[in-house]
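Peer 1: One line per chain: the protein sequences are A and B, in this order.
Per the numbering used here: the first sequence ends with 322, consecutive numbering throughout.
Per the numbering used here: the second sequence ends with 261, consecutive numbering throughout.
What the hints contain is simulated information worked out from the structure, not anything from laboratory work.
All C-beta atoms, glycine included, are put in the ideal place defined by N, C-alpha and C.
Treat the hints with care, since some could be wrong.
What the hints assert, rightly or not - In silico negatives: residues of chain B with every beta carbon more than 10 angstroms from chain A: (1) W28; (2) D94; (3) W122; (4) R154; (5) K162; (6) Y164; (7) W184; (8) D220; (9) P223; (10) Q233; (11) Q239; (12) A243; (13) V247; (14) A253.
Stated by the list, open to error - In silico negatives: residues of chain B with every beta carbon more than 10 angstroms from chain A: (15) A110; (16) S113; (17) E119; (18) F130; (19) R163; (20) V177; (21) A230; (22) T231; (23) I234; (24) G245; (25) P251.
To be verified - A few chain B residues that face chain A, going by a derived Cβ cut-off under 8 angstroms, partial list only: (26) P59; (27) V142; (28) C150.
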Amino acid sequence: MHFMWWLLVLVLNLLFRVPHVGRPKEHFFGAIGHRLSIEMKVDRTELQVDEATTLTVRIRGAWNPSQVVRPDLRRIADFSRHFVIDDLPTTRSENSICEFRYRLRPRSESVDTVSPIVVRYWDPVVGYFAATAPLDPILLQVRPHSSAAEDINWANKPEWLFESFDVRDLEWDQEVDRRQVIGMCLALLGPACVWLAWFVRWCTRNVHRSSNGCDEWQVWQHNLQRLKDEQASLSEIAKFVEMRLEIAMKRWRGGGETSAPVNSMEERIASSEKMMEWRAVAERIRRRCERARFGPPGIKDDALVEDAMAFVMDLVGGQRAR
Amino acid sequence: MRVEIFSVVALALAVPETGGNDHLRLAWEAFSRGRELRRDPFAARRSFAEAAHHASQAPGGATVRRLEGHAALLAGDIAHAIAAYRRGLQKDPDDAGLRHGLTRARSLVAYSSAKDRQELIWNEPVNSRFRQVVRRWGIIIVALAATVACLALRRALVFRSKRYWATFGLATVWTFVVMGAWWWERHQRWSDAAGRFVVIQKTTTIYTGNHESFPPRRDDPVPVGVEARATNQIGEWLQIELADGSVGWVPVASVREVGAN
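Produce the entire structure from the sequences given, and follow the hints as far as they go.
Peer 2: The following block contains the structure:
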């Protein structure tokens with residue numbers, strides 16, 4: 001019996017081809033047959049919004065069931081407007097029945113019917129594209145969401161959604177923008193402020209190094225004044241004065257350090273007429289320094305600092321040294 | 001850019017609001033209560049809805065927005081959850097919890113087809129490695145570079161060495177480059193936030209004009225939770241652009257604003 005049916009379909013398919021002329025653009029799914037019929041049914045008619053029901057569409061009497069394509073309900077406005085549609089696997093029975101299944105979820109409680117699907121097919125017996133559809137729409141009763149339906153979903157909520165929050169974290173987080181800006185300002189200005197504090201201190205304590213373009217004698221004089229203010233011991237002051245004078249005298253004799261900067265003032269001193277007199281004074285002061293350092297203990301020379309400073313002032317031109 | 005710098009400094013110096021703190025505490029209490037009432041879905045959902053409401057009133061960063069998003073999602077308000085997660089991601093695009101939450105919330109949107117789902121979800125903003133590093137380590141890098149610059153300057157002054165002057169120069173340039181990148185990254189996020197984003201909170205039809213008499217732009221109504229960019233507003237109608245590039249009009253009441261930070 002099955003063989004006979006299969007043979008008949010094969011012969012009919014070979015004999016009857018669907019013409020291109022007049023082929024409908026819509027609702028034609030490739031079916032060929034004589035007096036086709038369509039059935040539609042849903043597994044439940046009472047449901048809630050977004051709750052699924054299965055729609056089964058059965059096309060009976062097609063001579064070419066294997067060539068009938070699945071009707072795309074998403075292209076049918078009545079369906080796509082009212083339902084969320086998912087395709088379910090197709091069942092094709094051998095005795096000319098095509099069965100298509102869909103999962104429909106109503107979008108709102110205003111949905112009340114499943115509209116009939118119109119199927120157009122080629123009828124070779126009468127030679128034209130006929131149409132068929134179920135007689136009546138399927139009536140639905142769609143209710144709005146109820147808490148009961150949500151309760152089923154509730155059990156499926158992932159655990160991370162119930163994350164435990166610490167109120168201190170939240171309060172900290174409230175000010176996160178402000179803290180980021182303050183953090184950036186601190187990152188930039190913090191080291192700069194520490195450096196500035198160091199620089200100020202360094203400048204005041206190391207004038208001879210920090211003053212780049214200052215005259216050597218001027219710096220020496222400043223440091224001598226600092227030693228005096230700090231009430232340094234006589235031998236310490238004497239050592240400081242002596243070292244400077246030795247350098248100066250070496251330079252005047254032409255044996256100064258080659259790396260020592262010789263500025264215009266040094267040149268002026270070297271070419272001065274008072275050079276001999278200065279050398280003599282420097283030598284006298286240097287001897288007093290030696291005596292203060294290496295002479296008998298308890299020796300006093302309170303005027304050493306004043307004399308050394310007076311010498312320098314005279315050397316660099318009085319007003320300038322001041 | 002200058003306006004932004006001034007506004008950020010003003011923000012940093014502004015006196016914190018106390019009202020926001022009250023809302024935050026109420027949100028936290030409601031959320032904790034919801035967790036305790038987990039076995040009673042009806043009561044828990046009410047608590048989570050309350051938490052989401054209070055959290056939306058409170059200013060904050062990623063953690064506050066995560067609480068808001070989780071609470072809204074647990075209360076069943078997908079549109080609110082998506083808006084909260086998006087707002088949080090503007091603050092901290094690296095927050096895994098926010099990204100996870102947004103993905104979850106988007107998965108609950110009832111698109112009419114898989115194609116719609118693919119087309120109507122906005123692509124994630126490009127979260128490049130460079131921006132991530134600048135955002136996360138910018139302040140620390142600036143602090144280190146500024147420290148190195150100051151140390152190098154100190155030694156350069158003491159030892160008068162060219163090597164230290166070079167180190168100082170490099171470290172200074174590096175400090176300002178990283179700081180500039182940090183400001184730029186911030187500015188970019190502010191710019192993204194300045195665009196008005198909305199989330200559909202009531203299933204609605206998109207029309208081609210600002211009245212229901214215009215033909216619909218799409219065959220299907222747009223489901224709750226779809227994100228869109230607002231481009232114009234006339235009266236009670238808002239012009240929106242969907243992720244697939246289609247532009248249409250919806251009533252203002254049917255959308256929820258993501259809100260800028």
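Peer 1: Now look at each hint and say whether the structure bears it out.
Peer 2: Now the hints, each set against the structure:
At roughly 5 angstroms from the closest C-beta of chain A, the C-beta of W28/B falls inside 10 angstroms, breaking its exclusion from the interface. With a least beta-carbon separation of about 13 angstroms from chain A, D94/B lies farther than 10 angstroms from that chain, consistent with its non-interface assignment. For W122/B, the non-interface assignment is confirmed: its Cβ lies about 21 angstroms from the closest Cβ of chain A, beyond the 10 angstroms cut-off. For R154/B, the shortest C-beta to C-beta distance to chain A comes to about 6 angstroms, within the 10 angstroms cut-off, and the non-interface label is violated.
With a least beta-carbon separation of about 15 angstroms from chain A, K162/B lies farther than 10 angstroms from that chain, consistent with its non-interface assignment. Distance check for Y164/B against chain A: the nearest CB is about 13 angstroms away, which clears 10 angstroms, and the non-interface claim stands. Every CB of chain A is more than 10 angstroms from the CB of W184/B (nearest about 13 angstroms), matching its label as outside the interface. With a least beta-carbon separation of about 5 angstroms from chain A, D220/B fails to lie farther than 10 angstroms from that chain, contradicting its non-interface assignment.
A Cβ of chain A approaches the Cβ of P223/B within 10 angstroms, the least distance being about 7 angstroms, so the stated non-interface status is violated. The beta carbon of Q233/B is kept farther than 10 angstroms from every beta carbon of chain A, the shortest such distance being approximately 26 angstroms. For Q239/B, the condition that its CB be more than 10 angstroms from all CB atoms of chain A holds, with the nearest at approximately 23 angstroms. Listed as outside the interface, A243/B is consistent with that label: its C-beta sits roughly 19 angstroms from the nearest C-beta of chain A, beyond the 10 angstroms cut-off.
With a minimum CB-CB distance of about 21 angstroms to chain A, V247/B clears the 10 angstroms threshold, and the non-interface call stands. Interface exclusion of A253/B from chain A stands, the closest Cβ pair being 17 angstroms apart, more than 10 angstroms. The Cβ of A110/B sits about 5 angstroms from the closest Cβ of chain A, inside the 10 angstroms cut-off, so the non-interface label is violated. Its closest Cβ contact with chain A, about 5 angstroms, brings S113/B to no more than 10 angstroms, contrary to its assignment away from the interface.
Every beta carbon of chain A lies more than 10 angstroms from that of E119/B, the smallest distance being close to 13 angstroms; the non-interface claim holds. Listed as outside the interface, F130/B is consistent with that label: its C-beta sits roughly 18 angstroms from the nearest C-beta of chain A, beyond the 10 angstroms cut-off. The Cβ of R163/B lies farther than 10 angstroms from every Cβ of chain A, with a closest approach of about 18 angstroms, so its non-interface assignment holds. Its beta-carbon lying about 13 angstroms from the closest one in chain A, V177/B satisfies the requirement of being farther than 10 angstroms from that chain.
Listed as a non-interface residue, A230/B keeps its Cβ farther than 10 angstroms from every Cβ of chain A; the least gap is roughly 24 angstroms. T231/B, annotated as away from the interface, keeps every beta carbon of chain A farther than 10 angstroms; the closest lies near 26 angstroms. At roughly 26 angstroms from the closest C-beta of chain A, the C-beta of I234/B stays outside 10 angstroms, upholding its exclusion from the interface. No Cβ of chain A comes within 10 angstroms of the Cβ of G245/B; the nearest lies about 20 angstroms off, and the non-interface call holds.
The claim that P251/B lies off the interface holds: its Cβ sits roughly 16 angstroms from the closest Cβ of chain A, which is beyond the 10 angstroms cut-off. A distance limit of 8 angstroms between C-beta atoms decides the matter here; for P59/B the minimum to chain A is near 6 angstroms, and the interface restraint holds. Satisfaction of the interface hint for V142/B is found here, the shortest Cβ-Cβ separation to chain A being roughly 4 angstroms, below the 8 angstroms cut-off. Checking C150/B against chain A by beta carbon gives a least distance of about 4 angstroms; that is within 8 angstroms, so the hint holds.
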